[in-house]
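Asks: Residues per chain, in single letters:
Protein chains: 2
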Amino acid sequence: MKFVIIGADAAGMSAASRAKRNRPDLDITVLEKSQDVSYSACGMPYNIADPTRDIDDLVVRRAEVFRQKQGINLLTGHKVTAIDPEQQRVSGITGSGESFEFSYDRLLFATGARPILPDLPGIDSFGVFTLKNLEHGRRIKNYIHKYAVKKVIIIGMGYIALEMCESLLAREIKVDMIKPNPTFLPWMNPELAEQVKKEVESKGITVMAGHKINKIERTGGRIIVQSENVVLMGDMILVAVGITPNSEIAAKAGIALGPGKAIAVDANMRTSCENVFAAGDCADAIHVVTDNKAWIPLALRANRAGWAVADNICGEMVSLSGVAGTAVFRVFDMEVARTGLNEDEAKTAGFDPATVTVKTRSRAHGHSGFGTIWVHMVADRPSGRLLGVQMVGSEGVAHRINAPAVALLAKMKVNQYCQSDLAYAPPFGPVWDPTLTAANQLIKILHN
Amino acid sequence: MKFVIIGADAAGMSAASRAKRNRPDLDITVLEKSQDVSYSACGMPYNIADPTRDIDDLVVRRAEVFRQKQGINLLTGHKVTAIDPEQQRVSGITGSGESFEFSYDRLLFATGARPILPDLPGIDSFGVFTLKNLEHGRRIKNYIHKYAVKKVIIIGMGYIALEMCESLLAREIKVDMIKPNPTFLPWMNPELAEQVKKEVESKGITVMAGHKINKIERTGGRIIVQSENVVLMGDMILVAVGITPNSEIAAKAGIALGPGKAIAVDANMRTSCENVFAAGDCADAIHVVTDNKAWIPLALRANRAGWAVADNICGEMVSLSGVAGTAVFRVFDMEVARTGLNEDEAKTAGFDPATVTVKTRSRAHGHSGFGTIWVHMVADRPSGRLLGVQMVGSEGVAHRINAPAVALLAKMKVNQYCQSDLAYAPPFGPVWDPTLTAANQLIKILHN
Chain A
1 MKFVIIGADA
11 AGMSAASRAK
21 RNRPDLDITV
31 LEKSQDVSYS
41 ACGMPYNIAD
51 PTRDIDDLVV
61 RRAEVFRQKQ
71 GINLLTGHKV
81 TAIDPEQQRV
91 SGITGSGESF
101 EFSYDRLLFA
111 TGARPILPDL
121 PGIDSFGVFT
131 LKNLEHGRRI
141 KNYIHKYAVK
151 KVIIIGMGYI
161 ALEMCESLLA
171 REIKVDMIKP
181 NPTFLPWMNP
191 ELAEQVKKEV
201 ESKGITVMAG
211 HKINKIERTG
221 GRIIVQSENV
231 VLMGDMILVA
241 VGITPNSEIA
251 AKAGIALGPG
261 KAIAVDANMR
271 TSCENVFAAG
281 DCADAIHVVT
291 DNKAWIPLAL
301 RANRAGWAVA
311 DNICGEMVSL
321 SGVAGTAVFR
331 VFDMEVARTG
341 LNEDEAKTAG
351 FDPATVTVKT
361 RSRAHGHSGF
371 GTIWVHMVAD
381 RPSGRLLGVQ
391 MVGSEGVAHR
401 INAPAVALLA
411 KMKVNQYCQS
421 DLAYAPPFGP
431 VWDPTLTAAN
441 QLIKILHN
Chain B
1 MKFVIIGADA
11 AGMSAASRAK
21 RNRPDLDITV
31 LEKSQDVSYS
41 ACGMPYNIAD
51 PTRDIDDLVV
61 RRAEVFRQKQ
71 GINLLTGHKV
81 TAIDPEQQRV
91 SGITGSGESF
101 EFSYDRLLFA
111 TGARPILPDL
121 PGIDSFGVFT
131 LKNLEHGRRI
141 KNYIHKYAVK
151 KVIIIGMGYI
161 ALEMCESLLA
171 REIKVDMIKP
181 NPTFLPWMNP
191 ELAEQVKKEV
201 ESKGITVMAG
211 HKINKIERTG
221 GRIIVQSENV
231 VLMGDMILVA
241 VGITPNSEIA
251 AKAGIALGPG
261 KAIAVDANMR
271 TSCENVFAAG
281 DCADAIHVVT
291 DNKAWIPLAL
301 RANRAGWAVA
311 DNICGEMVSL
321 SGVAGTAVFR
331 VFDMEVARTG
341 LNEDEAKTAG
351 FDPATVTVKT
361 RSRAHGHSGF
371 GTIWVHMVAD
381 RPSGRLLGVQ
391 MVGSEGVAHR
401 INAPAVALLA
411 KMKVNQYCQS
421 DLAYAPPFGP
431 VWDPTLTAAN
441 QLIKILHN
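Residue numbers (the numbering used here), protein chains in the order written: chain A, 1 to 448; chain B, 1 to 448.
Chain A with its partners taken away, still in its complex shape (with noise of 0.2 angstroms):
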């Protein structure tokens, strides 16, 4: 059986890898536009954070180990133009400007996602920089090397724009932030989000929300973002408004999207087209509170859909539960965390959001080196049942995250969540965990 996949990064190699560890005999071809493969995306901002290392530390398992270890025929320098559902093939173009053609018995999507650029005039300016994939990284690290830059302009204020923020000041760059829309983090909680902005700006960053940019100059070296009210000058920019699958040639091939414009995929990894599966950031999942599709590219799910595909091709049925958004990002020494539903999501799902939000300390009473930790929480009024959590602090927030989310698999009620025997000793929080009051707080506000 011939399995074809395009894109090698976590979502693809994944697939391959188990693949092949699955049935030794299957013909793996793997094409991949670019150099690199199978390597930690999200750890970019902290290599970026240090000049000593090489970006190619992030590389998880190297080109030469696939194709001679597993025998993965492993092909960089390929660019997938074009599938024929019909005739199983797919066809594109080598980094060398020659054709390709493949014929596949399964195929599968793992093209991931490209960063969103702006359509403002200089966007293509040189200085101007995302940050997706290790290409990305490795230009922005030569650049800040190579032009000693001293400040940077990011336009976005997202979590990789928050990580850079953070990898930015460690080289002693300093940074500046604007966006368009009014509100810092939009999806989050005010009163949470103003803790996470308090932080960044604690910092010496200079956080402009709400500032519509006309253009993008490079000028004398340096280089210009100009909005209504502002003029903003730096060595480099970065853009980090946000991503958007790559779904193009799946859609010119008559496969179905889904929100977002992600392939759209059953639980079995499976899209609209007989023998083409799609998983990873250019795919779409069931939201495990919903039921409903959403669009929510994180790696946990990439690997875990990939391993899937892997599995399904090979003949042993996986269907995934879905997603619950669960995600965390430090922001210099603030944890910041969700899972589930936001108040808005929730009312745009159909739900009767209840919310609350707690303070609560880290450690026990009488613990020394404390620090605050906010719990925002989301249910739906009339079942009772829990929505979401979002959760900032200074410590104990990244993993603490992890027991709702678990609760949203579970499609716990609050009242049940509020009964979780969860761990406590004085180093590590208060008796009660700071999840479990405010469920406390909101099971309150449900009876009333």
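Keep in mind that a hint or two might mislead.
Note that the list lumps identical chains together, so a pair holds whenever it fits in one copy or between two copies.
As the list claims (entries may be wrong) - Under the rule of at most 25 angstroms between Cα atoms (straight-line distance), these lysine to any residue pairs were calculated in the SDA-like manner:
1) K132 to P186
2) K444 to D311
3) K359 to V59
4) K20 to R62
5) K141 to Q35
6) K69 to H365
7) K444 to M317
8) K132 to E64
9) K174 to I93
10) K261 to V60
11) K151 to H211
12) K413 to D311
13) K411 to A267
14) K413 to I286
Worth flagging that the hints you see were computed from the coordinates, not collected in a lab.
All figures in this text were calculated on a predicted structure; none of them were measured in a lab.
Take the given structure of chain A and dock chain B to it, following the hints.
Replies: For chain B alone, coordinates are given in the frame of chain A:
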């Protein structure tokens, strides 16, 4: 309605405060034999570690606040010696030798537990301590100061013993540990227990497991522990070999006891005797994994059960789901956690356990500063149900145990747990959370 509570720590004062909030007209009397109320017992090792802090820093709310602001008749120095369930009366004696008697409509046993004292010659010597209540902590702290303690022998190797190691070393006091059982942490998977032992030994502590102790002796200002093959000499002895519930008065009144001689309660915290409740370290609970009774005295349960009693007395019937035995402690630079059953407990409960132990990084590939996390996971072979998890590591263990704890409450199978959408960011863990890696491995075993 007269609500009488015996014991003024976590369970007792949680019940008193909440009952008063629920129904301000309640006539609440709390009878406490000591002079200490409402303190963070778990914080004692950390407080003892710091000579600049007063042990009373651990008091969460002072007796005067309960009396004056909350209108609770809190009587310290009141030792209850008997109850008469027919007449609904409790009687006892005060610190100054006066008898007292109170009638009740509802009674709560929140009598806690006390340290076990092994039957050893010399166990009552000057300089031999246990650590369970605030007075114990106060005595230890005073003794260390007054006698400039340089060396402590700890009998026992449970979590109090281990936390006290850290505490004493912080005060530059040397520690030897000794106990008769040859297994270091007998409830823990040996591979994980070995990591904890190494951590303790790496700090210069002598760990002598498997040494039967013959006697304790005070001689020439020092104190000696004599076993078959070794004589240990120190300035102080801490006996930390476990605790036993204070259930004698209840038993004498004909109230049924459960496992570990704890007072047997139903899901509403009712004892076998009408209008008599029990909560906290003196009471048993349903185990969420086995559905059998278990005695696992922990702080969160004490607080939660206290609240449940208050609500039940005030007419809002609350039943508790039970305990998973989720616990965490820190030993120097290591976090140690567990939830649910270990392999032996699983067998005893009639399961057919399959187990796996995995060793993972605490941070992502390519992220600096990572440590190691060991996860041991237990499942039931025929049903695939998750039964328990143990974890040790240098970071990221304490809150990570909560995700499987919620899964236990939801009675999840391993193949459900491994679909959990858990958080990932490079500073906080690998893409696959260590508990997911363990679950993925365990599934393979379960399928074979």
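Asks: Pop the pair K151 and H211 into one bin, within, between, both or neither, using alpha-carbon distances up to 25 angstroms.
Replies: Within one copy, since 19 angstroms is at most 25 angstroms while 65 angstroms is not.
Asks: With identical chains, the pair K261 and V60 could be close in the same copy or across copies; at 25 angstroms between alpha carbons, which is it: within, between, both, or neither?
Replies: For K261 and V60, the Cα distance exceeds 25 angstroms both inside one copy (29 angstroms) and across copies (54 angstroms).
Asks: Could you place K132 and E64 in one of the four classes (within, between, both, neither) given a Cα distance threshold of 25 angstroms?
Replies: So K132 and E64 pass the 25 angstroms test inside one copy only (23 angstroms; across, 60 angstroms).
Asks: Within, between, both or neither: how does the pair K444, M317 come out at a Cα-Cα threshold of 25 angstroms?
Replies: This pair counts as between: shortest inter-copy Cα distance 15 angstroms, intra-copy 43 angstroms.
Asks: Between copies, within a copy, both or neither: which fits K132 and P186 at Cα up to 25 angstroms?
Replies: The answer is within: 22 angstroms in one copy meets 25 angstroms, while 48 angstroms across copies does not.
Asks: Between K411 and A267, at a C-alpha cutoff of 25 angstroms, which is it: within one copy, between copies, both, or neither?
Replies: both (18 angstroms within a copy, 23 angstroms between copies)
Asks: For K444 and D311, with the copy left unspecified, which applies at a CA distance of at most 25 angstroms: within, between, both, or neither?
Replies: Close across copies (13 angstroms), not inside one copy (45 angstroms); limit 25 angstroms.
Asks: Within a copy, between copies, both or neither: where do K20 and R62 come within 25 angstroms Cα-Cα?
Replies: within (16 angstroms within a copy, 65 angstroms between copies)
Asks: Since the copies are identical, ignore which copy is meant and state whether K174 and I93 lie within 25 angstroms (CA to CA) inside a copy, between copies, both or neither.
Replies: neither (41 angstroms within a copy, 71 angstroms between copies)
Asks: Evaluate K359 and V59 at a C-alpha cut-off of 25 angstroms and name the case that applies: within, between, both or neither.
Replies: between (40 angstroms within a copy, 21 angstroms between copies)
Asks: Pop the pair K413 and I286 into one bin, within, between, both or neither, using alpha-carbon distances up to 25 angstroms.
Replies: both (20 angstroms within a copy, 20 angstroms between copies)
Asks: When no copy is named, should K413 and D311 be tagged within, between, both, or neither for a Cα gap of at most 25 angstroms?
Replies: between (33 angstroms within a copy, 20 angstroms between copies)
In summary, the numbered hints that this structure violates are 9, 10.
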